[in-house]
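**Student:** Residues per chain are reported as follows:
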Amino acid sequence: MRHFAVVPAGCYPPNDTPAYRSSEKRAPREAAIRIPHTVSERCGPHYGAEALRPHAADLTTQVAGGVAQGQRIIVHGRVSDEHGRPEANALVEVWQANAAGRYRHDGDRHDAPLDPYFTGAGQVVTDADGRYEFVTIEPGAYPWGNHHNAWRPRHIHFSLFGQAWAARLVTQMYFPGDPLLPLDPIYMGIADGAARERLVSAFDLERTVPDHALAYRFDIVLRGRLETPWEERS
Amino acid sequence: MSALTPSQTVGPYFRIGLDWPEANRLVGADTPGQHILLRGQVLDGDGVAVPDAMIEIWQADAAGVHHGGGGDAFRGAGRCGVDADGGFVFETVKPGAFSDADGAHAPHLNLIVFARGLLTHLYTRVYFEDEAAANAADPVLGLVPADRRATLVARREGDHYRFDLRLQGAGETVFFDV
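Order-wise, the sequence lines are chains U and C.
Here our numbering is used: position 48 in the first sequence is 873, and no number is missing along the way.
Here our numbering is used: position 106 in the second sequence is 1202, and no number is missing along the way.
One chain only, chain C, in its complex shape:
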């Protein structure tokens, strides 16, 4: 066993090293599945926009299969530095459901928040409001107190899904110990 390297904050200047062009577009025109926009805003404990956060997502494809490699048509991963209003957007496909030893998993994206002020990144998940039956059976959502589950569910809003991240305080997003 080797001892783990500790985490440190991404700091305010991560764009120097981590800004990739179009890293928030996971799809091409011919990527199979329902193409969606995921929009959201990162807010602090006072409800003030966090202008220097970075969001990464990781998800299955429309058939519920995880890829990850560069040779795949759909890697399933993206990155977006937020704008001055804490806003982020991803262009992707709605992920499919899948099952494993832990049960039947509702369609979801995995999401990480990095920011100045966070010494260790925060893990969460994005579920979809139009998947109520699958959400009700999801083994991870089932671990979340019922009155906080709504913080993990993206709402349909115009041409996109909306998922805001409240880092602290009223309506605080549920984060996971992964």
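Isolated chain U, as found in the complex:
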């Protein structure tokens, strides 16, 4: 039986995306085989407040002795399933580059300064209505070797579990008006333009804090169980 709707074509990007060069030797050549949603696909691990690390919801004040450099921002939104039901008490994991476009990672050789007061990692748990909020700094764009003069648009990585193994999602949040978006093969790997735009956060004047921080809203929609499972016939 199928307990989740099929993901619409063009929404989850295909791995065979030649413009994204890292996919060349890693994208499977065989088509994925569709399977029923057995117990092991229609339930899944759940992580809540027990998984949180200290100071995880404010990425600007995680390191004693200073604060992170850059434009302070509040990122918030609602996590729900595709039927509008809130993903309550659910772990949201985020990671990102610093304001200069540098990750605190040995593999990042970009000639931009590290910020000793910014780890780039955060975690929050949604409330009963699926809402989350964290404080961070706006990440910088950074060059990568995909093609000549390639730059990743500013982004924050997100990881969410949802209600089922079938709902697992890792994605990236972008910023409105970024001129690098149409040049980015990772973002453009999503064929459906309307789906792509759902990864672009919205500037949220209401949630800015005067004299302190700008704000962006990023709502996230995960796959959700259907009330009536269906039998697939081939």
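Incorrect hints may have been included.
[Stated by the list, open to error] Computed beta-carbon distance windows for the label pairs:
| id | chain 1 | residue 1 | chain 2 | residue 2 | range |
| --- | --- | --- | --- | --- | --- |
| 1 | C | GLY1124 | U | GLY970 | 42 to 52 Å |
| 2 | C | GLY1167 | U | GLY970 | 39 to 49 Å |
| 3 | C | ALA1180 | U | LEU939 | 18 to 28 Å |
| 4 | C | THR1127 | U | HIS1037 | 46 to 56 Å |
| 5 | C | ALA1197 | U | ARG910 | 17 to 27 Å |
| 6 | C | GLY1124 | U | ASP841 | 33 to 43 Å |
| 7 | U | ALA913 | C | PRO1241 | 19 to 29 Å |
| 8 | C | ALA1099 | U | ALA913 | 12 to 22 Å |
| 9 | C | ALA1242 | U | ASP841 | 18 to 28 Å |
| 10 | C | PRO1241 | U | ALA1038 | 52 to 62 Å |
| 11 | U | PRO938 | C | ALA1233 | 31 to 41 Å |
| 12 | C | GLY1124 | U | ALA913 | 38 to 48 Å |
[What the hints assert, rightly or not] To spell it out: a stretch of chain U is covered by chain C in this simulated footprint if at least three of its residues, at any positions, have a beta carbon under 8 Å from a beta carbon of chain C; those stretches are:
| id | region |
| --- | --- |
| 13 | 846-856 |
| 14 | 983-995 |
By construction, these hints were calculated from the structure, which means they are not laboratory data.
Idealized CB from N, CA, C, for every residue including glycine.
Please arrange chain C on chain U, whose structure you already have, making use of the hints.
**Tutor:** Frame of chain U; chain C shown alone:
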């Protein structure tokens, strides 16, 4: 109906946010069941080790029951960033068989591969070579062409089960559209 948020790659720097200490150990000393080590390697289309993949697993307990919550003794979920040779290891229990409307399911772990180069994560399953009769009746394995089923079966090797992931090309692991 709300429209789904699309997937994007985990990228090369996921350890910043997703590295949890001992996330690859699902068991404590007193967790019921047969404790096992699951070892494997992630390989690309040239057979070269993928050094920046992340593996997650999700499974039933030894009695075939799925838990998932933090209050349970056995959550049944784990995560492991691969090493420089593409290697991963999980310390867990061998999952039990269970049945549902789709049939009798052989013992298996569900596994996801995330990596730079993958815009959407890959789903697969790990079965066990010493469960031949149960495997033969498994409704999901039954959907896989017979000549590719071996890519989903972990082999007993010394003190562990071995399950390599070939993302592309000869011996390509079977991945599922979940």
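**Student:** Each hint needs a verdict: does it hold in this structure or not?
**Tutor:** Results for each hint:
1. C:GLY1124 - U:GLY970: 42 to 52 Å: For GLY1124 of chain C and GLY970 of chain U the Cβ distance comes to about 43 Å; the hint holds.
2. C:GLY1167 - U:GLY970: 39 to 49 Å: holds (45 Å)
3. C:ALA1180 - U:LEU939: 18 to 28 Å: holds (22 Å)
4. C:THR1127 - U:HIS1037: 46 to 56 Å: holds (47 Å)
5. C:ALA1197 - U:ARG910: 17 to 27 Å: Since ALA1197 of chain C and ARG910 of chain U have Cβ atoms about 23 Å apart, the given range 17 to 27 Å holds.
6. C:GLY1124 - U:ASP841: 33 to 43 Å: holds (42 Å)
7. U:ALA913 - C:PRO1241: 19 to 29 Å: violated (41 Å)
8. C:ALA1099 - U:ALA913: 12 to 22 Å: holds (21 Å)
9. C:ALA1242 - U:ASP841: 18 to 28 Å: holds (25 Å)
10. C:PRO1241 - U:ALA1038: 52 to 62 Å: holds (55 Å)
11. U:PRO938 - C:ALA1233: 31 to 41 Å: violated (59 Å)
12. C:GLY1124 - U:ALA913: 38 to 48 Å: violated (28 Å)
13. 846-856: Held - the region 846-856 of chain U has 10 residues with a Cβ nearer than 8 Å to chain C, which meets the minimum of three.
14. 983-995: holds (count 6)
Hint check: violations occur at hints 7, 11, 12; the rest are consistent with the structure.
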